[in-house]
Each structure stands twice: as structure tokens, then as C-alpha cells.
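Trainee: Since chain A is already given, all that's left is putting chain B on it; use the hints.
So the protein lines, in turn, are chains A and B. Once you know that position 116 of the first sequence is 116 in UniProt numbering, the rest is easy, because the numbers rise by one and skip nothing. Once you know that position 25 of the second sequence is 25 in UniProt numbering, the rest is easy, because the numbers rise by one and skip nothing.
Hints may be right or wrong, so weigh each one.
Once the Cα atoms are required to be at most 30 Å apart in a straight line, the calculated DSSO-like pairs of lysine-lysine come out as [unchecked claim]:
1. B:K206 / B:K142
2. B:K206 / A:K115
3. A:K65 / B:K108
4. B:K139 / A:K65
5. A:K65 / B:K206
6. A:K41 / B:K138
7. A:K41 / B:K139
8. A:K115 / A:K203
9. B:K69 / B:K206
10. A:K41 / B:K206
What the hints contain is simulated information worked out from the structure, not anything from laboratory work.
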Amino acid sequence: MFRNQYDTDVTTWSPAGRLFQVEYAMEAVKQGSAAIGLRSKTHVVLASVNKANSELSSHQKKIFKVDDHIGVGIAGLTADGRVLSRYMRSECINYSYSFESPLPVGRLVVQLADKAQVCTQRSWKRPYGVGLLVGGLDESGAHLYYNCPSGNYFEYQAFAIGSRSQAAKTYLERKFENFMDSSREDLLKHALFALRETLQGEKLTSSICTVSVLGAGEAFHILDQETVEALINAFEVGAEEGPTDEGAAADQGGGATDQGAASADEGVAAMDI
Amino acid sequence: MNSVDSIPAKNSLLSSQAESERTLYPYVTGTSVIGIKYNDGILLVADMGGSYGSTLRYKSVERLKPVGKHSLIGGGGEISDFQEILRKLDELILYDNMWDDGNSLGPKEVHSYLSRVMYNRRNKFDPFWNSLVLGGMKKGQKYLGTVNMIGVHYEDNHVATGFGNHLAQPILRDEWHENLSFEDGVKLLEKCMRVLLYRDRSAINKLQIAKITEEGITISQPYALKTFWNFSAFQNPTLGAEGSW
Chain A
1 MFRNQYDTDV TTWSPAGRLF QVEYAMEAVK QGSAAIGLRS KTHVVLASVN
51 KANSELSSHQ KKIFKVDDHI GVGIAGLTAD GRVLSRYMRS ECINYSYSFE
101 SPLPVGRLVV QLADKAQVCT QRSWKRPYGV GLLVGGLDES GAHLYYNCPS
151 GNYFEYQAFA IGSRSQAAKT YLERKFENFM DSSREDLLKH ALFALRETLQ
201 GEKLTSSICT VSVLGAGEAF HILDQETVEA LINAFEVGAE EGPTDEGAAA
251 DQGGGATDQG AASADEGVAA MDI
Chain B
1 MNSVDSIPAK NSLLSSQAES ERTLYPYVTG TSVIGIKYND GILLVADMGG
51 SYGSTLRYKS VERLKPVGKH SLIGGGGEIS DFQEILRKLD ELILYDNMWD
101 DGNSLGPKEV HSYLSRVMYN RRNKFDPFWN SLVLGGMKKG QKYLGTVNMI
151 GVHYEDNHVA TGFGNHLAQP ILRDEWHENL SFEDGVKLLE KCMRVLLYRD
201 RSAINKLQIA KITEEGITIS QPYALKTFWN FSAFQNPTLG AEGSW
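Same shape as in the complex, but just chain A:
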């Protein structure tokens, strides 16, 4: 009876100036398990939470190597994420064939965004249901971008996407000012702490997360489980208490409030990201 008349087609505007199908696609990103990214001047760390569909299945891969200098972390429809990763790999390999040098990250991100944008302007297409955190290194340094289904893209110091990502964002917002000059190890530490924020009390173990690094003199690679386990133990991320320098109780409180604020925002400004 009160069916939304403006959401049957990606190209149909609502009288309020919204594209519902595009907004629905943006929602798909929030349904996926969290992925986070952060960077310093020289390094980028991407990390994700692995959620298995059932006790009997393995989890799906959420972090992909695109090239030696570029990696992506995804949240949303994994299948779409893989299609876009394959596209990015092929763009990188074609560029290095022609120029024998790595494709600048910013350019790949623009091409990716253009590809996503086309899907919001064709009646016979659907938007991609995946958000991508693209980390990369080029002649202008390390970069972290977020690409979303609407065709928008943003550059970040640190960002988190996927379910309960607001908690990780809150953590990163409190810490990001020191990231630029951080060491590789500090980035890894913050990545793990930010990741833990999204778990809502569940213990962070190496079996439920994937961590990857790339940087100057270090090609993109996913850390193996033993290394991640060692990092979790070294930083005491698995412990019940939060980061030793600040009260864990305050963290949790801040995270919860922000999450509330975010859900209030959702109806108003979904297109902003």
C-alpha cells in the first residue's frame, strides 16, 4: 500500500533527490564484516574480520593483493569485491607492461570509481554491493582510499567499513594524529586494536582476522596466522583490558555513543559516503 515508488530502478530519483537503489547498495557494505585500513608516510596496513557462514564452512577471503604496491580490503558482497579486484589486477599488469613501472594508486582508484559510477546511471545495471579500502604506495608516498558503490571515493589516514565499523572509526579518530610518523609495528598494533573494537566483546584471535602490510621496501603481503598470533600476544590485544594508556571503560562508552549517532544519521545523509 505504501510501497516506495522510487526504488525499483537505480536511475530513478525520489522527489527528495535521492537514489534509493544506490543507498541500498551502500547498506550492503555495512552488512559485511568489518575491514579497516590505516597508513603512515611509508606503510599501509589493511585488516579484516573473518566471519564464517556456518560452523562447517571456512570464511571468505576479504583482503586481496592487487600488485606488489597495491592491496584491497573489502566489506559487502564478496563476489563483487573479487570482480573489482580482478579488474584492478588487470589494470596494474597492463600498466606495468606498457611502462615497466607501477600504476599510481590514485589513478587506479579513479578508474575504479568511474567503473562503479557507470552502474548508477544505467537502468539495466545494478551498483556494486561492496566497499573497498584500497591501500597503495607510489611516488607520492603511501595512500589509503575508500571506494563505495555510489562511485564516490575518498582518501583517508585511517578508515573502517563494514558491520560495527563505527567502533573502530572512533578508536582510529582518537589515534590517527600520530599515524603519519608511526612505525610499521605501531600501525599493526593500532590495526589490531581497531579491529578488536568491532568485535563487541568477542576475543580477538588470529583465526578470526586477516592482517596485511605494504610499505617502502616491502611488497604487499598478508601476514601468516602465526605472525598475527604473535602480534596479538605481544600487544596484549587479546587481553580483556583496552589499550594500556587509557581506560577501557571510557573507550567502550565513547564507541557506543558514536554508534548511536551514526544510526540516527543513516536516514539523512547516506549519500555522503
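Mentor: Frame of chain A; chain B shown alone:
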């Protein structure tokens, strides 16, 4: 009239028209290009002659051109093909600048691109009939390389195309060193060009020298070398060469 008879004549795939669209042989050609590294960058030299077969037909063909901010190209061989290559490079650099993102193609990238283009065209049996020298400087790194019409490409401290390979390279192998000053570099290149002028019939005495350093690109005005033709071996070149007239 039988319509079948007229079909083969109209079939452009079978006629010789398609073949003649390829460069089967060059028409107007430039001769050697020489390039060297020196202490602040790269120097390239080429004369300004354009030969129509063996006729020295044109006397002010510019064969040294800038490519973007960091590269310099020198071309020998078919002049119109060289102009076509310059057009492609212009397009490439324009497209690169349009990103306006602080990244730019350096000499290494341009050289790689050119070698792909040259090899691709030879695989279509429609080569660009050129030998190219690519010099450049980016982020303090000197770069000097060459590509030819079949896509053979390499980097070196001193490169030369065509006759220069035979007459200038031996001189460069003897006299080139890492810390050449600009003046010594120019002297060395002029020595090479003088030898080429004496012994390569398509070389002419009007040349340009181009320089690329951290500061940028400069291409000299055309000028001529001092020559001395009264060497006794020049007066009677066949003296003592038995069986010749």
C-alpha cells in the same frame, strides 16, 4: 556481363592497395643520433638533414624534441614516421598531465612505452622506420636508452644510432667517462659528429645539441662545425687502394 568477374577487382583485401599502406621503405630520412650521460644530465646531438633517398633534400629538420618535463627524444630514419611518433607522445603526455595528480611519466616509462609501440608495429609488418634515442632525468636519476624499428631496446651510458653506431661508439668507448663536464661532453659529441660528417655521406654540417638536467631541457640553435678537408688522405682517397679507381 558476368558479375563474378568484377568482384575480385573491388575486393580491397585481395588488391595491392592494403599492402601499400605500410611503410615498405623510407622516403625522407634522418641519419645518426648520439646521446651521452654527463655529470649533470644527458646530452643528445643530431644533424638537421633530411635525405630523399641519397639526395640531401631538406636542411632544417628538427630531430631532437622534448617529451614532457623529464625526457628528450632524438629520431633517425623516416622523418614522417618520427613525426607520427611525436604526435603519439604528445597525446600520451597530455593524457598524463590531465590526471593532474602529481604523478608524471619519466624517461624510463616513455622509453618502455616506445619500445612497446615499435615492437607492436613491427609485428603488424608495418614498422615505424626509425631509430630513436631517449634521454631524460627524473628525481636525480639520469636515463639514456635507445629503441629501433624492430623493437630492440637497451640502456647505456652512451648510445648512437645508424652510422653513429659504427663511427661514434668506438670514440665514445675510448673517451667517455662518468664525470664529463658539460663543455667536455659537447666537445666529445662534436668530435663524433665531425667524424660522421667526414665519412657518412648523408650527414650535413648543421646540427643541434640538446641538454636535459635537473633544471630542465634546452635545445641549442643550429650551428656548424669547423672542418678541414685538406688531409692528404682526403685529397686522393683511393691512393694505395689496389683494384680501385
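Trainee: So if I understand the rule, the pair passes when the alpha-carbon distance is 30 Å or less; does K115 of chain A with K203 of chain A pass?
Mentor: Measuring from Cα to Cα gives roughly 38 Å; hence the hint is violated.
Trainee: Take the C-alpha atoms of K206 of chain B and K115 of chain A, compute the straight-line distance between them, and say whether it is at most 30 Å.
Mentor: 52 Å, violated
Trainee: Sort out whether K206 of chain B lies within 30 Å of K69 of chain B, counting only the CA atoms.
Mentor: OK: K69 of chain B and K206 of chain B at ~26 Å, within 30 Å.
Trainee: For the pair we were handed, K139 of chain B and K65 of chain A, check the Cα-Cα distance against 30 Å.
Mentor: 28 Å, holds
Trainee: Holds or violated: are the alpha carbons of K65 of chain A and K206 of chain B at most 30 Å from each other?
Mentor: The hint is violated at about 55 Å.
Trainee: Is the hinted pair K65 of chain A and K108 of chain B satisfied, with a Cα-Cα distance of at most 30 Å?
Mentor: Given pair K65 of chain A, K108 of chain B holds - Cα atoms ~25 Å apart, limit 30 Å.
Trainee: Do the alpha carbons of K41 of chain A and K139 of chain B lie within 30 Å of each other, as the hint requires?
Mentor: 19 Å, holds
Trainee: Between K41 of chain A and K138 of chain B, does the CA-CA distance stay at or below 30 Å?
Mentor: 21 Å, holds
Trainee: Taking only the CA atoms, is the gap from K41 of chain A to K206 of chain B under or equal to 30 Å?
Mentor: It is violated: about 51 Å lies between the C-alpha atoms, which goes past 30 Å.
Trainee: Quickly compare the C-alpha distance for K206 of chain B and K142 of chain B to 30 Å and report which way the hint goes.
Mentor: 27 Å, holds
The structure does not agree with the numbered hints 2, 5, 8, 10 stated previously, though it agrees with the rest.
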